[in-house]
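Asker: Take the sequences, apply the hints, and build the full model.
So the sequence lines, in the order shown, correspond to chains V and R. Whatever position you read off the first sequence (first residue = 1), add 2 for our numbering. Whatever position you read off the second sequence (first residue = 1), add 2 for our numbering.
Each hint should be verified, as a subset may be incorrect.
Each pair may be met inside one copy or between any two copies, as identical chains are not told apart.
Stated by the list, open to error - Straight-line Cα separation of at most 20 Å, EDC-like style, residue types lysine to aspartate or glutamate; simulated pairs: (1) K207 / D4; (2) K185 / D4; (3) K234 / E158; (4) K164 / E94; (5) K284 / E495; (6) K33 / E158; (7) K234 / E278; (8) K274 / D456.
These aren't lab readings, by the way, just hints derived from the structure by calculation.
Protein chains: 2
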Amino acid sequence: VDYQHVQVPFEITLWIMLASLAKIGFHLYNKLPSVVPESCLLIFVGLIMGGIIYGLNDKSPPVMDSDIFFLYLLPPIVLDAGYFMPSRPFFENIGTILLYAVVGTIWNVFGIGFSLYGICQVKSFHLQDVSLLHNLLFGSLIAAVDPVAVLAVFEEIHVNEKLHILVFGESLLNDAVTVVLYKLFRSFCEMPAIKTMDVLAGVGKFFVVGIGGILVGLAFGMIAAFTTRFTKTIRVIEPLFVFLYSYLSYLTAEMFHLSGIVAIIACAMGMKRYVEANISLKSHTTIKYFMKMWSSVSDTLIFIFLGVSTIGENHEWNWPYIFFTVIFCLIWRALGVLVLTFFVNRFHVNTVTGKDQFIIAYGGLRGAICFSLVFLLPDFHRKKLFIAATTVVILFTVFVQGMTIRPLVDLLHVKKERESAPTVGEQIHIRFLDHLLAGIEDISGHWGQYYWKDKLEYFNSKYLQKILLREYDQPKSSIVLLYEKLERKHAIELAEAGQLGHTPSQPSLLHSALPCSNSHRSVVTDGKSEDILNPDVLENIQEILARNLFRIRRTVPAYNRHTLPGETEPAEQAKEILILRHRSL
Amino acid sequence: VDYQHVQVPFEITLWIMLASLAKIGFHLYNKLPSVVPESCLLIFVGLIMGGIIYGLNDKSPPVMDSDIFFLYLLPPIVLDAGYFMPSRPFFENIGTILLYAVVGTIWNVFGIGFSLYGICQVKSFHLQDVSLLHNLLFGSLIAAVDPVAVLAVFEEIHVNEKLHILVFGESLLNDAVTVVLYKLFRSFCEMPAIKTMDVLAGVGKFFVVGIGGILVGLAFGMIAAFTTRFTKTIRVIEPLFVFLYSYLSYLTAEMFHLSGIVAIIACAMGMKRYVEANISLKSHTTIKYFMKMWSSVSDTLIFIFLGVSTIGENHEWNWPYIFFTVIFCLIWRALGVLVLTFFVNRFHVNTVTGKDQFIIAYGGLRGAICFSLVFLLPDFHRKKLFIAATTVVILFTVFVQGMTIRPLVDLLHVKKERESAPTVGEQIHIRFLDHLLAGIEDISGHWGQYYWKDKLEYFNSKYLQKILLREYDQPKSSIVLLYEKLERKHAIELAEAGQLGHTPSQPSLLHSALPCSNSHRSVVTDGKSEDILNPDVLENIQEILARNLFRIRRTVPAYNRHTLPGETEPAEQAKEILILRHRSL
Numbered sequence: 003v004d005y006q007h008v009q010v011p012f013e014i015t016l017w018i019m020l021a022s023l024a025k026i027g028f029h030l031y032n033k034l035p036s037v038v039p040e041s042c043l044l045i046f047v048g049l050i051m052g053g054i055i056y057g058l059n060d061k062s063p064p065v066m067d068s069d070i071f072f073l074y075l076l077p078p079i080v081l082d083a084g085y086f087m088p089s090r091p092f093f094e095n096i097g098t099i100l101l102y103a104v105v106g107t108i109w110n111v112f113g114i115g116f117s118l119y120g121i122c123q124v125k126s127f128h129l130q131d132v133s134l135l136h137n138l139l140f141g142s143l144i145a146a147v148d149p150v151a152v153l154a155v156f157e158e159i160h161v162n163e164k165l166h167i168l169v170f171g172e173s174l175l176n177d178a179v180t181v182v183l184y185k186l187f188r189s190f191c192e193m194p195a196i197k198t199m200d201v202l203a204g205v206g207k208f209f210v211v212g213i214g215g216i217l218v219g220l221a222f223g224m225i226a227a228f229t230t231r232f233t234k235t236i237r238v239i240e241p242l243f244v245f246l247y248s249y250l251s252y253l254t255a256e257m258f259h260l261s262g263i264v265a266i267i268a269c270a271m272g273m274k275r276y277v278e279a280n281i282s283l284k285s286h287t288t289i290k291y292f293m294k295m296w297s298s299v300s301d302t303l304i305f306i307f308l309g310v311s312t313i314g315e316n317h318e319w320n321w322p323y324i325f326f327t328v329i330f331c332l333i334w335r336a337l338g339v340l341v342l343t344f345f346v347n348r349f350h351v352n353t354v355t356g357k358d359q360f361i362i363a364y365g366g367l368r369g370a371i372c373f374s375l376v377f378l379l380p381d382f383h384r385k386k387l388f389i390a391a392t393t394v395v396i397l398f399t400v401f402v403q404g405m406t407i408r409p410l411v412d413l414l415h416v417k418k419e420r421e422s423a424p425t426v427g428e429q430i431h432i433r434f435l436d437h438l439l440a441g442i443e444d445i446s447g448h449w450g451q452y453y454w455k456d457k458l459e460y461f462n463s464k465y466l467q468k469i470l471l472r473e474y475d476q477p478k479s480s481i482v483l484l485y486e487k488l489e490r491k492h493a494i495e496l497a498e499a500g501q502l503g504h505t506p507s508q509p510s511l512l513h514s515a516l517p518c519s520n521s522h523r524s525v526v527t528d529g530k531s532e533d534i535l536n537p538d539v540l541e542n543i544q545e546i547l548a549r550n551l552f553r554i555r556r557t558v559p560a561y562n563r564h565t566l567p568g569e570t571e572p573a574e575q576a577k578e579i580l581i582l583r584h585r586s587l
Numbered sequence: 003v004d005y006q007h008v009q010v011p012f013e014i015t016l017w018i019m020l021a022s023l024a025k026i027g028f029h030l031y032n033k034l035p036s037v038v039p040e041s042c043l044l045i046f047v048g049l050i051m052g053g054i055i056y057g058l059n060d061k062s063p064p065v066m067d068s069d070i071f072f073l074y075l076l077p078p079i080v081l082d083a084g085y086f087m088p089s090r091p092f093f094e095n096i097g098t099i100l101l102y103a104v105v106g107t108i109w110n111v112f113g114i115g116f117s118l119y120g121i122c123q124v125k126s127f128h129l130q131d132v133s134l135l136h137n138l139l140f141g142s143l144i145a146a147v148d149p150v151a152v153l154a155v156f157e158e159i160h161v162n163e164k165l166h167i168l169v170f171g172e173s174l175l176n177d178a179v180t181v182v183l184y185k186l187f188r189s190f191c192e193m194p195a196i197k198t199m200d201v202l203a204g205v206g207k208f209f210v211v212g213i214g215g216i217l218v219g220l221a222f223g224m225i226a227a228f229t230t231r232f233t234k235t236i237r238v239i240e241p242l243f244v245f246l247y248s249y250l251s252y253l254t255a256e257m258f259h260l261s262g263i264v265a266i267i268a269c270a271m272g273m274k275r276y277v278e279a280n281i282s283l284k285s286h287t288t289i290k291y292f293m294k295m296w297s298s299v300s301d302t303l304i305f306i307f308l309g310v311s312t313i314g315e316n317h318e319w320n321w322p323y324i325f326f327t328v329i330f331c332l333i334w335r336a337l338g339v340l341v342l343t344f345f346v347n348r349f350h351v352n353t354v355t356g357k358d359q360f361i362i363a364y365g366g367l368r369g370a371i372c373f374s375l376v377f378l379l380p381d382f383h384r385k386k387l388f389i390a391a392t393t394v395v396i397l398f399t400v401f402v403q404g405m406t407i408r409p410l411v412d413l414l415h416v417k418k419e420r421e422s423a424p425t426v427g428e429q430i431h432i433r434f435l436d437h438l439l440a441g442i443e444d445i446s447g448h449w450g451q452y453y454w455k456d457k458l459e460y461f462n463s464k465y466l467q468k469i470l471l472r473e474y475d476q477p478k479s480s481i482v483l484l485y486e487k488l489e490r491k492h493a494i495e496l497a498e499a500g501q502l503g504h505t506p507s508q509p510s511l512l513h514s515a516l517p518c519s520n521s522h523r524s525v526v527t528d529g530k531s532e533d534i535l536n537p538d539v540l541e542n543i544q545e546i547l548a549r550n551l552f553r554i555r556r557t558v559p560a561y562n563r564h565t566l567p568g569e570t571e572p573a574e575q576a577k578e579i580l581i582l583r584h585r586s587l
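Answerer: Rendered as structure tokens:
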């Protein structure tokens, strides 16, 4: 037997196999996953495995390697999260998310750090040797909400889209803040004296790390989209590029000490639209499937490793410190959410309700990122205390909060996710309203989100699509694409039921009624998607809407003595609009 | 910049990226791949890369690590080959393939080894220090045809199915022989004296290595099929099991010094049928796509690395030895094919033509396996000579033979692959003939391939399907499945053309003609698959065929004075059949 030779791949494969089998095992009994979140069960499996290894070897089982975690396990999960991020609610709430992620995290770091330093001053706790800086460093790693843990729990409780994106978006974007604060305090710990300059440089780093991550991600995303323009002859390697480029964006960002998580999300969100238009349907299925598969395995491995790493002798059990860490994590998060939401609700039409605030505060789960960061700490005599406290906080949030959040959501009657996808009727109305609002914002001189969205859309169709898409001359509206998808699905259902050709399908009936459907009939909104679909008519409406809304603006300065209608120059238009705006301000 | 931290994954990703981009690059110009095989172009890219690295660093570029090759690059390609192996032609020609793979490879090893030893005796070549054992060791690694190289070239020239499976099957199955001979000679080289026992043990090892590999592979394949019975609730990790179990089978076989290639092929061929019945359609698409993608990337990397590793100072250029190696490789392969085919044609109805023999001999390409094996040789003073000779043989076969084989195939008018898939009419006939032949073989007492196939099918439906399939009570015949697939495809085409419901499809017309289709109409064989399809009728025929053919045999001993019809015991049946057989022999 030559085990040495195959050891590395063999053990990796076995771990993945264990993770997958554990996943199957849980789902065999339908009742178990509906009561206990999968993450808890997996940690439990990990604890048992760790116990077995500890019992057999009589030494601490290996802890999860931080490098393995950050380089191999985290990227698939974040890529999956970014690629399937619902962009509309994300961008609608981007302000609130950023507020929670940046200000909220800083608030938590300093709140937890300072109050723990207060606890350290109590003589009977024997903690007086833990300095303020060490407490702040600990605060910086324990404050951040973990995207993996949040995703694992929130995917199962199905709260409404807005609430979900607020918690999940925060957990993703706080990475930039965590990276900066953690590295800042770590370098401060090693410095003899801290100057004001260092603190100012730290503040500047926020922007570099965050915006740098976005730029790196977008750059790779655009290159990825551009590459898929040329894959028509070898469809089979199309999925590869999505994975390769997003991984490269993550690694590049990490290499330059930028936020890898932010980079990979920017890359995924940036390329998605163009890549999907360029690649084949089967490649797309493969990408979706493999991403989900990969992230689900990574996720499983992380929780199992969390359990395994908990067992052993890496801990110093100073209970007062650990107890107060848990309490402060809860209190400061609750306070932070309350205060920040107060400001959000003053400036935002769509307010965050009290129930939502409670769930946001309660959903602040900690996970493997904290765990990996605490092991990356430089060696000092109280490191084992920090490890113990982190472990307890993670287990507390995942087990207690994770298991009680579903009953609480039911008890509080928190608004749930809607069960059906939006109908085509709704989609048309939403788009119509978007155009309308963009027009209103434009005329009234308010540079709001619709204005920017419209600008971006214009830039996209004018430049980006031409460069990045293979067949940019025939861009189909998303509604037409949806229609085609529904038709195809319907056809497959008919074929599977063996009814193909017996009864003409509903969409086809409409289709055969083409000559009379140029009327207004097609904007009927009875909610049934099959009843109102006719691609030509829809495209017509789209075009009328798009053209006319632009034309309203463009015809404003057309009543000019010196120019004929339609001959106004863009520069003059812009001047006219500026004047209008100045007046309205 | 913290490059150290991300170096390993970053460089791996970059290499894969380079490989993928090179692939895209070649396919951008349609003319290039039709003249030069992709493998040649990739080696060329590798040579350039190697040259650049050599020029910049002024030292030999890193050679392809044999561990990386055998543990990470080879398995995906072999898995792909095994999973998509056309099982019918493979098993129909298994005897011929095994003859070429086992006897042919041994013939080549000893032929090349002894004749090179003859060359070494010529004084003016300065090769007298190369012993016979070393020459045989070299012969054992240079004799084996390489599946990766064969696949890369034969996939592009589209010869007929039988010819393809003969060359490709040989290249896969000769692994067992290569492993045994290579390890045998290597251990002989290190022994002070070789006993007869050692040689006999070597012969015994053939069977252990080959059959052991098959058993390991089949065991993992069955476990994989069994596992996918339980994945109904989490479809997303289904593809993972196919990859994990086949990789485990490879690693396990390697661990016990069995043939990993044989194991992974047995695993893939064994599980395919059951896994496909258990998993969802999307999982299946993902598996197929990802396997192709993975193997195509591995393949690309191997050829690029081959090119890179060629550059440098690892070589000892003794031209007579190198020249005669190339010559002997060609001569012994040609002789071997001629002699073996002579015997095959005497015992086989379906003969191998002269043109086919030429292509089989000419298609014996060498590739990365030889290359990795030669670097794994223990250090001795003439190792660099062997490396040089191996490199030249590989480059010669891939470039000269690989590039000229397509013109030769055209010139000789070698029978090409048929362009269309077999129609349903043909499929029905083939199945009908199978049953008929199984019956004939059974009655006549000839234990031929149809008899064994029938037995296996019986065992499969009686035991294996019940254990391994989730819904074993409703096994659909493959013809019905094909029909459903065609219907679905047709429906999608109709939907995409916007014609759904306008004209009832052809299959549906048939469907609506159900009441009168119980007649014999459905076995019409005009070749158009849409015209004869009706699932009920087909299933009827299938059932009638399957039942009655078994019944013919079972009713043979039914005219017995002591038993009523239908009450004959299996044991008695068997006895009766045995008697019949004894008479016929």
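Asker: Does each hint fit the structure? Answer for all of them.
Answerer: Hints and how they fare:
When the C-alpha separation of K207 and D4 is checked against a cutoff of 20 Å, the pair qualifies only between copies, where the shortest distance is 16 Å, while the shortest distance within a copy is 51 Å. Proximity of K185 and D4 under a CA criterion of 20 Å is satisfied inter-copy only: 14 Å between copies versus 44 Å inside one chain copy. For the homomeric pair K234 and E158, the shortest alpha-carbon distance between copies (18 Å) is at most 20 Å, but the shortest distance inside one copy (38 Å) is not. Taking the shortest alpha-carbon separations for K164 and E94, only the intra-copy value of 9 Å comes in at or below 20 Å, while the best inter-copy value is 61 Å.
Proximity of K284 to E495 under the C-alpha cut-off of 20 Å is found in both arrangements, the shortest distances being 19 Å within a copy and 16 Å between copies. In the homo-oligomer, the alpha carbons of K33 and E158 lie at most 20 Å apart inside one protomer (13 Å), although the nearest pairing across protomers, at 53 Å, exceeds that limit. With identical chains, the CA atoms of K234 and E278 are at most 20 Å apart within one copy only, with a shortest distance of 13 Å there and 28 Å across copies. Taking the shortest alpha-carbon separations for K274 and D456, only the intra-copy value of 19 Å comes in at or below 20 Å, while the best inter-copy value is 50 Å.
The structure meets every hint from the earlier list without exception.
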